[in-house]
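Undergrad: What follows is the residue order along each chain.
There are 2 protein chains.
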Amino acid sequence: VGLSGLTVTFEPDGKKARVKAGTTVLQAAKEASVSIRSECGGRGVCGKCKGIIRSADAVSEMSSAEKKLLSQPEIEEGYRLSCQTRILSNVVVMVPSESRIEASKIEVYGVERKVEINPLVRKIHVELKKPTLSDVKPDLERLLEAIEEQLEIGLLEFGFDVLKELPETLRRSNWNVAVVLWNNRVINVESGDAADEMFGMAVDIGTSKIVCHLVDLKSGETVAVGSVENPQVLYGEDVVSRITYASMGNPNLNSLRKLVVDGIDKVFGEVCQKAGIDPNKVYEAVVVGNTAMHHLFLGIQPKYLALSPYTPAIKRSICLAAKNLDIDSMNPRGVVTTFPIIAGFVGADAVAAILATGMHESEDNALLVDIGTNTEIIMGNREDMICCSCASGPAFEGAHIKDGMKAVTGAIERLRITANLEVEYETIGVGKPRGLCGSAVIDAVAEMFKHGIIDYHGRFNPNGTTPRLKRTDGGLEFIIAWQNETATGKEITVTQKDIREIQLAKAAIYSGCSILMKKKKLSEKNVNTLFIAGAFGNYINPENAKVIGLIPDIPTAKIKFVGNTAVTGAKMALISRKARKSINSILRVVQYHELAADPNFNSEFINALYIPHKIIDRFSSIKKYLL
Amino acid sequence: VGLSGLTVTFEPDGKKARVKAGTTVLQAAKEASVSIRSECGGRGVCGKCKGIIRSADAVSEMSSAEKKLLSQPEIEEGYRLSCQTRILSNVVVMVPSESRIEASKIEVYGVERKVEINPLVRKIHVELKKPTLSDVKPDLERLLEAIEEQLEIGLLEFGFDVLKELPETLRRSNWNVAVVLWNNRVINVESGDAADEMFGMAVDIGTSKIVCHLVDLKSGETVAVGSVENPQVLYGEDVVSRITYASMGNPNLNSLRKLVVDGIDKVFGEVCQKAGIDPNKVYEAVVVGNTAMHHLFLGIQPKYLALSPYTPAIKRSICLAAKNLDIDSMNPRGVVTTFPIIAGFVGADAVAAILATGMHESEDNALLVDIGTNTEIIMGNREDMICCSCASGPAFEGAHIKDGMKAVTGAIERLRITANLEVEYETIGVGKPRGLCGSAVIDAVAEMFKHGIIDYHGRFNPNGTTPRLKRTDGGLEFIIAWQNETATGKEITVTQKDIREIQLAKAAIYSGCSILMKKKKLSEKNVNTLFIAGAFGNYINPENAKVIGLIPDIPTAKIKFVGNTAVTGAKMALISRKARKSINSILRVVQYHELAADPNFNSEFINALYIPHKIIDRFSSIKKYLL
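Protein sequence lines, in the order shown, are assigned to chains A and B. By the working numbering, the letter at position 229 of the first sequence is numbered 229, and the numbering carries on one by one without gaps. By the working numbering, the letter at position 561 of the second sequence is numbered 561, and the numbering carries on one by one without gaps.
For reference, chain A alone in the conformation it holds in the complex (with noise of 0.2 Å):
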């Protein structure tokens, strides 16, 4: 291309190529980096590469192919194929909406990320010349070579079992297939009369549930979502006596990895069945997880996770066909990716939130805390990021709460108590109230600390004159429901034990996010963004957890809710090359800070113990409710 080239012009963008006369359309806009669809490669047989030209002089003449799939009023209208038409001249090209290969958005909650749709998985038509005796090309080599050629790759890569079936499917299918291939690798040949609909799933297997999402990968869209319960709660709610008894030996390891295969399977099978999907069609699977989790999923024995130094197996990504992990609900020749993983207490899950909030790609500095059992702290921006995993234990689900519950249906999830020491209070559902959930136990400890029945010790003030103070043989309690308001006829309450076990929580979570702002040099100002991650976080009022002390004192302006990042990560992976390369960034600028192995964790976290805090000074904007 010498200076005398001619100029493209596409529209609506504005991109501009410089190239020979005689090039095509298409080959003009990957030159100018305009993307274009093109399911056949260029060959005038898929019709999708449509570009409008005004000006028919500047271009080739109208080729059969052309005329054959473009409609009589497209032709009016200066519709051509961009892999037909060749440059003349100097030219502008309208590339239309259908033709151009558009970002999706995906939606974390506040958060909103646009994301290229480009998937690790493709699915193309390939019509192959006969073998003839002048031409005998081996039939593997015959298809490769041609795949090659129309995608201009080279080297590809195939699975064993396409290999064997191959000379069948090729003679029964008349030399006309669909081939399915994941990056360069050739995972299935189909009849040439296959549709060519592809699917994935994103899945999160949480210690509690497995969340999955169908995911149609030519459009990016979610089609359909499911959740089950993880089986592997009969031998434990939480991860600890999970891995205990997997550790007792293989054949236990075993039968938790085979109760979270079947999980998989079921809530595979009830998302296909809702979308009305052959299983068959479904290519890929993204799997994010923590990482015991991830280890029991892959069958690695899970024990040194919970033995110091908390050594995980392996931190890479990896990839297996899903007939090797024994997943029957999609395609068995289908590739299972499992996310890498941070450490040992900071999963995949943990790499997903960060790709789902992009918090990887900015230069500003966020702070990500995604609160579960236990909670995982990042905090960082694209140059430089950090992160810890701190027990925080179950106080947040309700668990070792006197009247503590989960956030379902009966739950108090929100209160506030009046200036005259009433208290309000929203339940979850129609009916009584028949406990707490997490954000409602935060609601009343930092309502007492606000009007002065608890002080900064987080002890009940003894002088307390309200009724609702209750002396009993445990000690005080705080009265949120009379015996006539609740659903079970006794009054719901919030103990001095309570109390102490929200403060061993926020401690844990506040020392963590401190530890991580020191190490870095970043104060409450440097913070941008501050992310609340975990299904939990959607109902925190971030006034109280400030109240509290259990984030750090950062404008609520700030703070972003987003959910469960973990299976919004897993599908950005699965739609777009892009976000999954992204991932390597993630893991080359993070690292990992053990805060058993902090000198200042012990004093951080007695300090913090305090409400919100033993330093008031950290907590400028809590100060006004301080007697």
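The reader is advised that the hints may include incorrect statements.
[Stated by the list, open to error] Chain B is faced by these chain A residues, among others (derived, beta-carbon under 8 Å):
#: 1; residue: ILE124
#: 2; residue: LEU128
#: 3; residue: THR132
#: 4; residue: PRO138
#: 5; residue: LEU163
#: 6; residue: TYR625
These are calculated hints, taken from the structure and not from any lab test. Built from N, CA and C at the ideal position, the CB exists for glycine as well.
On the provided structure of chain A, position chain B as indicated by the hints.
TA: Chain B in isolation, oriented as in the chain A frame:
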């Protein structure tokens, strides 16, 4: 390294390197391209990198590792460890034979080729740092990075099975392991105390026999040899009847596959037992065979090999874990590598034959004839090779010949007709003859032709007067052995029909040679070497082969008998990366020529039916026998 560096001279080769002061002798050897053994990667542990240095002042003082690993007599003689010894001034290092990475001789009967011992399988000892709270690198990354550092390679792959066991293996062996690599893939991790033995199998799956060499991958030596009948003979002696059976359905295909796998397991078991070697120490098998055997072994439907245009399923080499092919008698994670094939009737055995004879490395033109039921012919040099296959039939194996038999005890293998038309013969083993093996039938036809008993049409001279010429209902016969000479009490004769069979077989082979020579515009004079391969080939009298016109008229001094080149080629690939790499260059230069599609084939074949040939000028060395 400036011009001011120090000079190190390595004897006995005299290779030199210029290095900075302080460089180790091992590093200097690398720069001088001198191969010195170093199994620990230069850590002063294995004690294999010995060098003799007479001028002690020119190098650093002896390290404690050296004092520990060298014997007193060695120290007195000036032995040092190259990895421990730093160069202080110009020095001469004698590399003793035990420290050299030697090349091994591979004998292909007449031919002898040197192969550097550098197998794809490697076994190294790795000592890992234990993880601590401040070093929580996951197990897999810890292992791979240590290997990458030790071997100075990058981007290792690993087997999923290896990963699954890794946490337990590393801790059980106290972080001190033996790692088995195949190419850049970790295929096994063993406890550190495992002896560093490693073995491989070179396997030729023949239609009638499976031949196997058990090879020590450290020395490159064959330590045991074995063979079994191919159990597929149950379904027919020849390739076509097995293809026919397999083509009737996948259960049939699978039972043939299982049979050959059973045969392989049997012969692997036998050779391991013979050599007293643990089958788990066999980490690779390199498999060759004709295309049909290759397909059946892999479980690929071979139906289309027998249907025009005879297209194979795959050309390239493939590598699979032994357990994926159900092979039980080697390490299940070991690798089975199949040689690539060239065409439907020019298989992996032909590629191995080229590799074994080295014709792909020579500037000289060679002609290789691998005689069997199907005869493969390859012609050319390192620039350019052409090959074809001819259906020569089983006549040379004794089939379709009245008194024909295989070359076993009791077979006449050589014979001569004297001036007074008496017959002198040699029999295999002791005792009276029972029949004629292929080489004797060739001798018989040639000798009868020389003495005018048959004419150039292959017809018996009806005016012959010798009492050995016998008239039967089926026509004339020539008596090789009288009734009283034989073990059966019946005459051994050569019939008119036998001569016709030989004429058909030899015409097929000769016309293949002739067409390839024509295609490449080469005459007999340009052929520097004629390799005759195949078990049968070794017993042929080359003069008589020319008299009957089986092979082109090339001086006997240029003819080399090379035996079973299939297993030799497999062994070369097994022990040498360089040999394996050169397979690719073979595939690049070798062209397949389909005789069935050659317009000259019919006329060539018909002319070649004459003895030695219709165009007698092609056999000037034979003219002396013409009456």
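Undergrad: Confirm or reject each hint.
TA: Here is how each hint holds up against the structure:
1. Because the closest C-beta pair between ILE124 (chain A) and chain B is about 21 Å apart, greater than 8 Å, the hint is violated.
2. Residue-level restraint check for LEU128 (chain A) is violated (minimum Cβ-Cβ distance to chain B is 11 Å; threshold 8 Å).
3. Annotation: THR132 (chain A) was flagged as interfacial toward chain B, and the flag holds, the nearest CB pair being 5 Å apart, inside 8 Å.
4. Checking PRO138 (chain A) against chain B: minimum C-beta separation of about 4 Å stays under 8 Å; hint holds.
5. Because the smallest distance between the Cβ of LEU163 (chain A) and any Cβ of chain B comes to about 6 Å, under 8 Å, the interface hint for this residue holds.
6. Taken as an interface hint, TYR625 (chain A) does not check out: its beta carbon lies about 38 Å from the nearest beta carbon of chain B, beyond 8 Å.
Hint compliance for this structure: hints 1, 2 and 6 are not met, and every other hint is.
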